[in-house]
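Going down the list, the protein sequences come from chains A and B. Reading the first sequence from the start, the letters are residues 1 to 220 in this note's numbering. Reading the second sequence from the start, the letters are residues 1 to 482 in this note's numbering.
Calculated from the structure, these hints are not laboratory results. Treat the hints with care, as some may be off.
[Said to hold, decoys possible] Think about it this way: if two alpha-carbon atoms lie no more than 20 Å apart in a straight line, the pair counts; the simulated EDC-like pairs of lysine to aspartate or glutamate are:
#	chain 1	residue 1	chain 2	residue 2
1	B	Lys35	B	Glu19
2	B	Lys319	B	Glu381
3	B	Lys369	A	Asp94
4	B	Lys158	B	Glu194
5	B	Lys319	B	Glu53
6	B	Lys329	B	Glu246
7	B	Lys319	B	Glu233
8	B	Lys319	B	Glu194
9	B	Lys369	A	Glu38
10	B	Lys369	B	Asp444
11	B	Lys369	A	Asp89
12	B	Lys35	B	Glu24
13	A	Lys114	B	Asp362
14	B	Lys329	B	Glu233
15	A	Lys114	B	Glu75
16	B	Lys369	A	Asp86
17	B	Lys319	B	Glu243
18	B	Lys319	B	Asp444
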Amino acid sequence: MPHAATIHQLRELLARRFPVAAPRHGLFFSTGVPGLDEALGGGLWKGTLTEISTGVEGAGCLTVLNAILAASARERRPVGLIDAGDGFDPQPLDEATLAHLLWVRCREAGQYLKAADLLLRDGNLPIVLLDLRGGARAALKRIPNTTWYRLQRLAGQSAVACVVATPWFMVSSAHYRIQIQGVCRVADLDRPAEELLGAMEYQVMRRHGLGAGGGIAEAI
Amino acid sequence: MFAVISIPGFYLQAALRYEPGLREEAVAIVDESAKPARVAQYTRAARRAGVREGMSSTQGLARCPALQVRYRAPEQERMAAAALLQCAGGTTPCIEATGDGVCTMDWKGLPAAAHEAAARGVIEQLRRQGLVAKVGIAATPPLALLAARNARPVLHVKSPADLHALPISALGPGAELLRTLRRLGVRRLRDFCELPPEGIAARFGHEGLVLWRCVMGRSSRLLQLVTPPASYEEGTEFEHEIELLEPLLFMLRRFIDCLTERLAAAYLVVGALELRIGFTAGPEHARTFPVPSPTRDGEVLFRMIHTHLEGFQSPHPIKSLHLAARACKAVKEQLGLFETSLRDPNQFHETLARLSALVGADRAGVPVKENTHRPDAFRMEMPAFHAAGSAPRKNSTRGLALRRFRPPRPAHVFTMNERPASVVIGDFSAPLGDAAGPWVVSGDWWDSHAWERAEWEVEAADGRMYRIFREGEGWYIDGIYD
């Protein structure tokens with residue numbers, strides 16, 4: 001247990017010293033959704049904020065978050081989910097996936113930002129999901145831009161990949177902004193989630209400072 | 001070879017262990033068990049002011065008005081004695097609790113070249129625990145004790161002649177024997193050793209013979225071996241009650257430093273901390289802090305208690321404080337190069353405590369599904385990621401995820417041909433399009449908590465999909481698919 005930090009440091013040192021030999025997948029985590037991974041240039045980059053949103057409610061944002069949870073659990077990687085509206089439903093996920101999830105159920109506006117601050121500062125969970133889509137809209141509108149820059153800096157310091165699901169694009173410091181577009185009908189609710197996720201479109205609305213040459217590697 | 005650790009002024013040192021600043025001031029320890037109570041030990045400043053052993057506290061205060069009178073603290077003496085034995089036990093298993101503040105060690109297996117380094121190591125360990133000690137090393141236990149009492153701070157006696165320059169009073173003879181020896185011109189141990197051995201017993205009696213044999217290195221004895229206590233506890237009763245957090249934290253930091261030093265001597269780490277705070281009124285506050293990744297890191301342990309005490313309030317001042325460490329062996333785990341784990345489990349534990357304080361204890365953790373078909377039945381548990389078991393193989397979920405409304409929102413649903421046709425929530429009304437259902441679920445029919453509901457998946461005109469259900473006579477919106 002005490003050697004875990006050393007191994008993390010060793011991995012990062014190797015990635016810095018031997019950027020060619022180091023596998024690029026060491027710098028990001030797969031989302032479990034091939035289309036989204038492709039849009040993000042590989043996956044969720046460590047030390048960055050990725051914002052995902054949909055034009056309309058019900059287009060699959062929470063389903064994408066569930067896919068990220070399942071993919072991380074397959075890698076035995078713990079994930080933090082900060083649930084602004086306490087709307088996450090654990091029932092469809094299996095026990096093994098839930099065992100890798102730290103679920104923070106917020107009940108008041110502002111708690112989710114404090115919780116995000118704590119988890120990003122802590123740095124133990126490699127992926128932190130901040131689901132703001134269930135939060136009160138009035139409170140979300142009052143979040144100042146400086147808050148997002150602070151969270152981005154914390155994520156950068158602790159090399160945590162942070163995904164923010166928002167009802168509209170609001171994260172000014174996001175490295176990636178992904179618009180999810182999908183149309184589902186009642187009849188589709190019986191189809192496997194992987195099929196539905198595969199049918200969705202992931203449109204990159206913003207890409208900041210993440211060149212294909214691995215600029216993020218230097219940042220980390 | 002034997003070594004003796006001696007803590008001079010043991011009662012005084014035990015009482016002032018957590019207040020090292022008082023060592024430079026005039027302080028006297030009064031032994032209440034003696035009738036009448038008398039000064040037993042005192043600091044140098046008190047000695048300079050004329051305080052002597054055997055005085056009453058009133059006499060001491062008459063000589064030194066600034067004298068601080070403290071009473072013997074048996075609890076703290078017990079803890080200091082435990083610390084002494086545990087430190088000694090770090091060098092050899094053969095130790096004897098010879099007396100108050102005196103411990104004899106058999107260093108038979110220790111190479112001679114390492115004796116002095118080991119002695120200095122023990123002194124340093126005890127110093128970090130607030131105890132000033134001296135060590136004497138000699139071929140016999142009595143000679144080692146004599147050396148310890150006169151060490152500065154280590155005295156290695158290779159031959160009895162090394163002690164010949166000491167004054168005869170260093171032997172600690174009785175008052176009558178000391179007078180006799182001085183009358184005969186015996187001022188130093190050398191003079192005592194040069195006396196003809198034949199007449200020692202006749203001239204000085206049994207006491208003189210014992211001392212002579214001790215000085216000559218001819219007396220030895222078997223040690224009465226003891227095992228160092230397995231409990232690691234520090235505590236104190238405050239002279240003045242504490243009302244603020246800062247002095248409490250200051251004392252706790254000292255306790256933690258002492259405990260980690262004691263554990264280090266036994267090559268152990270802290271598995272859990274037990275804190276007890278006593279108040280002037282009301283029950284004491286007790287709390288156990290499990291350490292997720294057992295450690296001896298004082299900073300980590302202190303932070304755990306600090307976080308807890310930051311949010312702690314009491315209407316009564318604090319009169320006593322105890323901190324005990326549950327010792328365990330350090331966990332050695334070899335992780336694979338690409339195996340993931342928490343970087344700092346203790347830090348994570350602290351973050352979890354902060355999250356629980358922020359959102360509520362039952363609202364941060366790992367969700368565990370209950371063994372029932374009742375919708376939204378789960379409980380929250382503390383994360384144990386290292387014991388999370390096998391990884392899932394693939395994402396086996398179906399359809400879109402449901403974003404639940406907790407609690408479900410009541411609604412009016414109008415049906416047509418027994419299918420939902422429109423929904424009214426407050427002043428808002430919307431027609432419903434496609435719908436799937438009803439999916440009837442029920443459970444607990446065998447007792448009074450029986451439940452039954454009919455669920456529908458419906459699509460609103462704007463394309464959003466909801467799960468609604470009918471329970472009894474009412475309709476509810478369970479959540480929105482997202």
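Which of the numbered hints above does this structure break?
As far as the earlier hints go, 1, 2, 5, 6, 8, 9, 12, 15 and 18 are violated by this structure, in ascending order.
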